[in-house]
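Number of protein chains: 2
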Amino acid sequence: MAEKIKTRAEDYSQWYLDIIKHANLADNSDVRGCMVIKPHGYAIWEKMQRGLDRLFKDTGHVNAYFPLFIPKRFLEKEAEHVEGFAKECAIVTHHRLIPKPGGKGLMPDPKAELSDDEQLVIRPTSETIIWNTYKNWIQSYRDLPLLINQWCNVVRWEMRTRLFLRTAEFLWQEGHTAHATQKEAEEEAHRMLEVYRTFAEDWMAMPVLTGPKSDGQKFPGAIYTLCIEAMMQDHRALQAGTSHFLGQNFAKAFDVKFQSAEGKLEYAWATSWGVSTRLVGGLIMTHSDDQGLVLPPRLAPIHVAIVPIFKKPEEKVAVLKAANELAAGIRAIPLGDWLNYDPIVVKVDDREQYQPGYKFNEWELRGVPVRVELGPKDIEKNACVLARRDVPGKEGKEMGVPLAGAPTRIIEILKSMQTSLFEKAKKMRDAYSYEVNRWDEFKQKIEEPGGFLWAHWDGTRATEDRIAAETKATIRCIPFNRPQEKGKCILTGEPSEGRVVFAKAY
Amino acid sequence: MAEKIKTRAEDYSQWYLDIIKHANLADNSDVRGCMVIKPHGYAIWEKMQRGLDRLFKDTGHVNAYFPLFIPKRFLEKEAEHVEGFAKECAIVTHHRLIPKPGGKGLMPDPKAELSDDEQLVIRPTSETIIWNTYKNWIQSYRDLPLLINQWCNVVRWEMRTRLFLRTAEFLWQEGHTAHATQKEAEEEAHRMLEVYRTFAEDWMAMPVLTGPKSDGQKFPGAIYTLCIEAMMQDHRALQAGTSHFLGQNFAKAFDVKFQSAEGKLEYAWATSWGVSTRLVGGLIMTHSDDQGLVLPPRLAPIHVAIVPIFKKPEEKVAVLKAANELAAGIRAIPLGDWLNYDPIVVKVDDREQYQPGYKFNEWELRGVPVRVELGPKDIEKNACVLARRDVPGKEGKEMGVPLAGAPTRIIEILKSMQTSLFEKAKKMRDAYSYEVNRWDEFKQKIEEPGGFLWAHWDGTRATEDRIAAETKATIRCIPFNRPQEKGKCILTGEPSEGRVVFAKAY
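Chains A and B, in that order, give the protein sequences.
The numbering used here puts the first residue of the first sequence at 1, with every later residue one more than the last.
The numbering used here puts the first residue of the second sequence at 1, with every later residue one more than the last.
There's no promise every hint is true.
To be verified - Simulated pairs of lysine-lysine, DSS-like, Cα-Cα distance not exceeding 27 Å:
1. K377(B) - K312(B)
2. K104(A) - K257(B)
3. K347(A) - K57(B)
4. K57(B) - K135(A)
If you're looking for bench data, these hints aren't it; they were derived computationally from the structure.
Bound-form chain A, shown alone (with noise of 0.2 Å):
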């Protein structure tokens, strides 16, 4: 490609929107906060569904589906909830377009004003309808753990939009679940938060941390709110995923009891998840370099590109022949588990409009993870030429690799680069990572070079708050593995039960 993207260097914000203009991944639309999702980035976000969607159906869940719009009525239920998605939703008020009087145009009917006991919110998340659809679905115990999940479409009105990041209307996944007893309910919380750690590290190569979110970070409605949360390359964190104990908040809202195995009348106890095309972004931030976009292979769309070299009619025949082969060869080893039982995808670039360096940097950009360079010489000595696109220039490259065992040779190659690609994300994360101890250098820091600060805090929302405000740092999260340590606050120096990770944040 002859387009340049910037190097991260230069400036951070511009090489993510390069990357994913030139890999062709999205597209701002001329809706408002809206994206489309391009073909190579849809490609992404498939893999990424068919991943979790296994590790969902492994942990005993079903899909289903509930309406886009939600009575305005249903969310004034639970007040912390509301109070958390008012400010930003999507309101249907009428359902018919008449031409305008003056004829140029439409309008919305008057006549087909919906009242204000009809009218509908476009679903931010799903709680209150899928609650108020359990309240029918729930009599007994017996109907207890009810563990469903849906993968849809919600929009929140958001006024500063980022491809994936952040978008007036995002994809994602929502698991909803109802348990008999609070144990059980948290236990699933936590379940999920395994789940979704598990798919950022092993399908994603990215490492998260886990833990809970501070009061002041939590859900609307949320009694806690369990979160993994990444680093990026420019050290800010990305909210990955969250998993949500709600108590009987919402079963109370809507008023959903059941008959327990003791013959008492109980609420229901709830916990919700979700992830979201939020994810591809954070796969681009995470792996990307400054050739273009790098992808861990087990969500890589393609595989595996054979670009072919030849100048002379017999040449092209011959080396044509090669690369189907050495495709045929890859495709027939089957990676089941590791690629979700999905086929090895291998392209052989014979386009013959476009030179082979002009290939070689477009497959790089788009992050195939192998290329095969196969020519003429190359055939003589029955080799090829493979390149990983995680590690650049010589350094990446096996020349004269027997084309025999080449397929068995790309395949370890997969595998090492899926798991270098997680050690390499991990070295980096760790060295952004600190205890801090003073503010002066708390607040120095945060600023340069960034990145997770683990420090101590007094516990209160204040406090949070205050250094908020003065850094841009929130609490991401209060992880799992935090060392048994007490000390002071950081701000305050009032006591502290343990470090939090403060970070600066997508």
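Fit chain B to the given chain A structure using the hints.
Just chain B, lined up with the frame of chain A:
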């Protein structure tokens, strides 16, 4: 299940709703016209999606995602299109809720009202937003063809709804392709109709007529619409899928021009095509019987239910062991392509709170293709009993099937059931398809017993409208395979080029 479903003879409409209710497929929601798709119903839709998606990808299509919202001004651009959809669309006019002045409840914030130019419609179909996007993607003939599909929800504000068949919100896929020539676009429209026919007949086991719609029935904005049309068990027609040749209508409305190989600026040619969750309704109405749901095995979420029968504890151990071994034996048979590389799903129904008879009924109601009965006496003989869902009573049972051969036999039954469901549906359709040559006969037959009336028609919209007004029958399809036969219009006696198919439709 103690719950009774109405028979088809008693009340066909209620039978359909009873099946949906008792097989746990869907529920009406508290949102006007919108349904909740329950896990068992959604699992069928997921199977359909997998099947269709592969057929789309095998014909070179990729998935993408476009915004839920369509600016009102986009809808205005194609005259026929707006005429078709303006009357039934949901309009977003505000983006924030605030507490009502009194304090109780919420209202749209007047300060967050969208201006006339900003008002948004929830997509009823996405031609306009997609062609507005294609404008940026198509510059040269090298950018063509563009073969894109999207899976999403759409909203059409229907006043009279029926679960799956007609709902205000529904799930569907919509393909939108752009081509350099009229010929290529028309070939695409026909290719996708053939994909739909393949899916309907080979996966859903639902025979369909294929051919164009009359002008009166075409898609608003299309040059012509091709359709697949099925017959339900009450002899009504169901439009199951449509594929539209859109000519240059949307390219002109959104100014999508490209430079041809000859260097000329030309408008792109378009198709669009879609099927929806309506197919689930068609599936139910095609195969189900008075005992409940019947599913073609290729789309069944659960293929085999094994019901272990035991009284004493030592029986239980032996029977469950045999049941689990049998299940493992069935799961080990790969069905590849035939099941989209999905595994065969086998349930061992070891619930202790229900009697075997209850379980038999429940699996029957839920449409599981093969039921296995396995008790102590069977085990003594190393055998089991197989019951196939599509043949009721004793005729559908095979006694004393050796356990060792049972997995293979079950696969044979699944495959044979797939075929015989299609044959049975086709026989029914053929039995209620008639050539009709007199108007009084037409009027009588369309009332009772209904069906597909192959009749001559003079080709005018006026006649089509008069026939519809008098009999409620519409032209469903001008079948590709109709015999070459000139004749006289059934109503007007004017010359006709061939028979068309009339029916009452859902």
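How the hints compare with the structure:
1. K377(B) - K312(B): Status holds; Cα separation ~13 Å.
2. K104(A) - K257(B): holds, 26 Å
3. K347(A) - K57(B): holds, 15 Å
4. K57(B) - K135(A): At roughly 40 Å apart (the allowed maximum being 27 Å), K135(A) and K57(B) break the hint.
Comparing the model with each numbered hint stated earlier shows that hint 4 is the single one that does not hold.
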